[in-house]
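Asks: Sequence:
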Amino acid sequence: MRKTVWLDAENDGVVAEHEIENPTGESRGVGLYVQHVLNLKGDMVNDTWCLPSSRGVVYSIMPSRQGEKRFGTDWVLDPTAGWIGLRDRGTKRGMVFVFDYNYLQKIYTCGSTAEWFLEMVPVAPGRSFKTTQTIKPVVGFEDFVFASTNVVADIRGQEKGKTVEVTLDLAAISRPLSGVTLEVTVTGWRSKQPLAAQTFTWDRLGYEKRRETFRFAPKAITDGVVIRAVVKGADFQDAFEHYYAGDAFEHERRYGHFATKGGALAGATGDSYALKPPRKVKRFDKPDFNLVARPSPDRFKCLVIFGIFTDFLSLDDAMADWRSQAGKTAEFTWANCPPNAVETFPASYDELFNYDVVVLSDVNFKAIGDIGFEMLCDYVEQGGKLLVTGGPYALGNGEFDGSRFLEVLPVELTGPFDLKWAGKGQSWDLAAAPANDPLLQGVSFDQKPKVFWRHVVTPKKGARVILTAGAEPALVVGSYGRGKVAVSTLSPTGEEGAGEVSWWAWDGWPPLLRNLMTWLNTEEPK
Numbered sequence: 009m010r011k012t013v014w015l016d017a018e019n020d021g022v023v024a025e026h027e028i029e030n031p032t033g034e035s036r037g038v039g040l041y042v043q044h045v046l047n048l049k050g051d052m053v054n055d056t057w058c059l060p061s062s063r064g065v066v067y068s069i070m071p072s073r074q075g076e077k078r079f080g081t082d083w084v085l086d087p088t089a090g091w092i093g094l095r096d097r098g099t100k101r102g103m104v105f106v107f108d109y110n111y112l113q114k115i116y117t118c119g120s121t122a123e124w125f126l127e128m129v130p131v132a133p134g135r136s137f138k139t140t141q142t143i144k145p146v147v148g149f150e151d152f153v154f155a156s157t158n159v160v161a162d163i164r165g166q167e168k169g170k171t172v173e174v175t176l177d178l179a180a181i182s183r184p185l186s187g188v189t190l191e192v193t194v195t196g197w198r199s200k201q202p203l204a205a206q207t208f209t210w211d212r213l214g215y216e217k218r219r220e221t222f223r224f225a226p227k228a229i230t231d232g233v234v235i236r237a238v239v240k241g242a243d244f245q246d247a248f249e250h251y252y253a254g255d256a257f258e259h260e261r262r263y264g265h266f267a268t269k270g271g272a273l274a275g276a277t278g279d280s281y282a283l284k285p286p287r288k289v290k291r292f293d294k295p296d297f298n299l300v301a302r303p304s305p306d307r308f309k310c311l312v313i314f315g316i317f318t319d320f321l322s323l324d325d326a327m328a329d330w331r332s333q334a335g336k337t338a339e340f341t342w343a344n345c346p347p348n349a350v351e352t353f354p355a356s357y358d359e360l361f362n363y364d365v366v367v368l369s370d371v372n373f374k375a376i377g378d379i380g381f382e383m384l385c386d387y388v389e390q391g392g393k394l395l396v397t398g399g400p401y402a403l404g405n406g407e408f409d410g411s412r413f414l415e416v417l418p419v420e421l422t423g424p425f426d427l428k429w430a431g432k433g434q435s436w437d438l439a440a441a442p443a444n445d446p447l448l449q450g451v452s453f454d455q456k457p458k459v460f461w462r463h464v465v466t467p468k469k470g471a472r473v474i475l476t477a478g479a480e481p482a483l484v485v486g487s488y489g490r491g492k493v494a495v496s497t498l499s500p501t502g503e504e505g506a507g508e509v510s511w512w513a514w515d516g517w518p519p520l521l522r523n524l525m526t527w528l529n530t531e532e533p534k
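Going by our numbering, the first residue of the sequence shown is number 9, and it counts up by one from there.
You may find that some hints are simply not true.
[Unchecked claim] Calculated pairs, EDC-like style, for lysine to aspartate or glutamate (alpha carbon to alpha carbon, straight line, at most 16 Å):
#1 K468 <-> E420
#2 K288 <-> E420
#3 K168 <-> D255
#4 K288 <-> E191
#5 K309 <-> E359
#6 K100 <-> E173
#7 K290 <-> E504
#8 K240 <-> D211
#9 K374 <-> E351
#10 K294 <-> E351
#11 K227 <-> E191
#12 K468 <-> E480
#13 K294 <-> D358
#14 K288 <-> D151
#15 K374 <-> E420
#16 K217 <-> D151
#17 K432 <-> E504
#18 K240 <-> E191
#19 K288 <-> D211
#20 K284 <-> D231
#21 K170 <-> E216
#22 K290 <-> D231
#23 K294 <-> D409
[Claimed, not checked] Pair by pair, the computed Cβ-Cβ distance ranges are:
#24 Q390 <-> D255: 37 to 43 Å
#25 R287 <-> E191: 18 to 24 Å
#26 S136 <-> G214: 34 to 40 Å
#27 L85 <-> D296: 53 to 59 Å
Quick caveat, the hints were computed from the structure, so don't treat them as lab data.
All of these numbers come straight from a predicted model, not from anything done at the bench.
Each residue gets a CB set at the ideal place from its N, CA and C atoms; glycine is no exception.
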């Protein structure tokens, strides 16, 4: 690991680069953790920490005197931006830490630390992962609602009779900015109706705080408003928002610490403010795919990313007597995948493209992450073969919303909680969709295999449904680019009743798997 610290005579901020290199001959996962210890004035008294979350900015508020109680949040497990802010309430001096949201997993403060944890990133042999942080002192801010390498900002509301006064504070972070436009809109949270709009323009925004104010008349301030700001310059644009529901609400969100997530009262109606974390965008160094090595004809390699029920599928046992077109047996590489993590995943395209088939068994998006799934999508598009199987963390429960992986699948997901139970003592019959499909050659249904849990999906146009469970698709195959994809909606969970045979214990399962593997690795006629 190398750290390079940059100082600028014209800016009192500090930029630190972290670079972690993989000097080994194998792929490695890198999860960077950064901790800064910081006490303004040498102690925690009068310090307020601001952390961006899906509930808006949350606070960790240190006492005004030694020995008093502190309030607020330590962990933010759902950050919506890459920054942490700290200010002293007495001096109004503070510090802002800015880091890369696109790799961010979670943030934390104990009251005297700024800490952030980055997601696991695969690093290929001889390559490195680099990330940068900016640390910037600021003066005169009451709070922080946003920070980036461009600007630091605060938005506050205050009731003034029948109106609300909005105060906006901004300052530059890395360099003075010229030709800056600030566009502000106010929208009712419940009504979704616009209430006000203002635009401010500045020839220059420097390191000293700039303040703008305006007023609007709310219809019912306790219903809440969203104050959204967009800051534009010649070469940047930042957007952020603040939820305000009156002065009493502002006090409660800081000092009313309730047991439920987000500090909400138990029994709330479910219409509280929520900000969806933006989709992360990773940097990719993609090769010329025409030059990437393909699977060796002398071997048949299968990578299995496996979850907690994968052993029920008996993949290696079912494939023990199977042979590829070149007469090779299947060699399995197993990558353990507990929820939200994976122990190993190919960190280079050369390594990934060397596999004939990849199996994702009960795997969610967080397990492999943006980089791994982008590589996997490219792998299939360029001719790779993919088998996806169901389970508690798969498909609609896998948090794939907004990801490219949805394009790869031959099915449309129906949303979270798509894994359905047949009911106590109930089951669905697993049956052939078209009885004469080549994938069902040598597969007998005489045992009447039963399904207890299955995902609900919708086949895409052009996909083939091979099996059904009740009235729903159970096995669907299709293509993406030059590659092939098969999706099983069956979850290997549930308990068979007297005289029943579960689908994973069914004698037709091994020949079906072998047929599926043969189909995946057979070129379709042009």
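Asks: Next pair to validate is K288 with D211; report whether the Cα-Cα distance is within 16 Å.
Replies: With Cα atoms ~32 Å apart, K288 and D211 exceed 16 Å; violated.
Asks: Has the given pair, K290 with D231, been kept, meaning a C-alpha gap of at most 16 Å?
Replies: violated (37 Å)
Asks: When you check the alpha-carbon spacing of K294 and D409, does it fall within 16 Å?
Replies: Violated: K294 and D409 sit about 23 Å apart, past 16 Å.
Asks: Kindly confirm whether 34 to 40 Å is satisfied by the beta carbon distance between S136 and G214.
Replies: holds (35 Å)
Asks: Does D231 sit within 16 Å of K284, going by the straight-line distance between their CA atoms?
Replies: Roughly 19 Å between the alpha carbons, so the hint for K284 and D231 is violated.
Asks: With the threshold set at 16 Å, check whether the alpha-carbon distance from K240 to D211 stays at or below it.
Replies: Distance of about 12 Å is within 16 Å: holds.
Asks: Tell me if the straight-line CA distance from K288 to E420 falls inside 16 Å.
Replies: violated (22 Å)
Asks: Checking one constraint from the list: CA of K100 to CA of E173, max 16 Å. Satisfied?
Replies: Violated, at about 21 Å.
Asks: If you check the beta carbons of Q390 and D255, does the distance land in 37 to 43 Å?
Replies: violated (58 Å)
Asks: Quickly compare the C-alpha distance for K227 and E191 to 16 Å and report which way the hint goes.
Replies: violated (22 Å)
Asks: Is K170 within 16 Å of E216, Cα to Cα?
Replies: violated (32 Å)
Asks: With a cut-off of 16 Å on the C-alpha distance, tell me whether K468 and E420 pass.
Replies: holds (6 Å)
In summary, the structure is inconsistent with hints 2, 4, 6, 7, 10, 11, 14, 15, 19, 20, 21, 22, 23, 24 and 27 from the numbered list given earlier, while agreeing with the others.
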